[in-house]
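J.: Sequence:
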Amino acid sequence: MFFRKLLHYLNPVTLFRKSDANMNTRFMHGINRISILMFLIAFTIVLIRIIKG
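Taken in order, the sequence shown gives residues 80 to 132; the numbers are from the numbering used here.
By construction, these hints were calculated from the structure, which means they are not laboratory data.
Computed Cβ-Cβ distance ranges for the label pairs, DEER-style:
1) Arg128 with Phe81: 21 to 29 Å
2) Gly132 with Asn103: 43 to 51 Å
3) Asn101 with Val125: 32 to 40 Å
4) Arg105 with Leu126: 27 to 35 Å
5) Phe106 with Lys84: 17 to 25 Å
6) Thr104 with Phe82: 20 to 28 Å
7) Lys131 with Asn101: 40 to 48 Å
Glycine included, every Cβ here is placed at the ideal spot set by N, Cα and C.
Taking the hints into account, I'd like the entire structure generated from these sequences.
T.: What follows is the structure in structure tokens.
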């Protein structure tokens with residue numbers, strides 16, 4: 080359930096849809112998506128470094 084919501088949130092198709100009428104809310108969601116992507120990339124890099132030793 081959590082991963083399904085996360086994948087829906089990070090889906091490029093839903094990234095560019097106009098769902099929120101308030102511009103501030105749209106910017107907030109955009110910044111949240113960017114921060115989640117940066118976290119996932121950093122987490123992946125850390126895991127790779129730990130696995131390689």
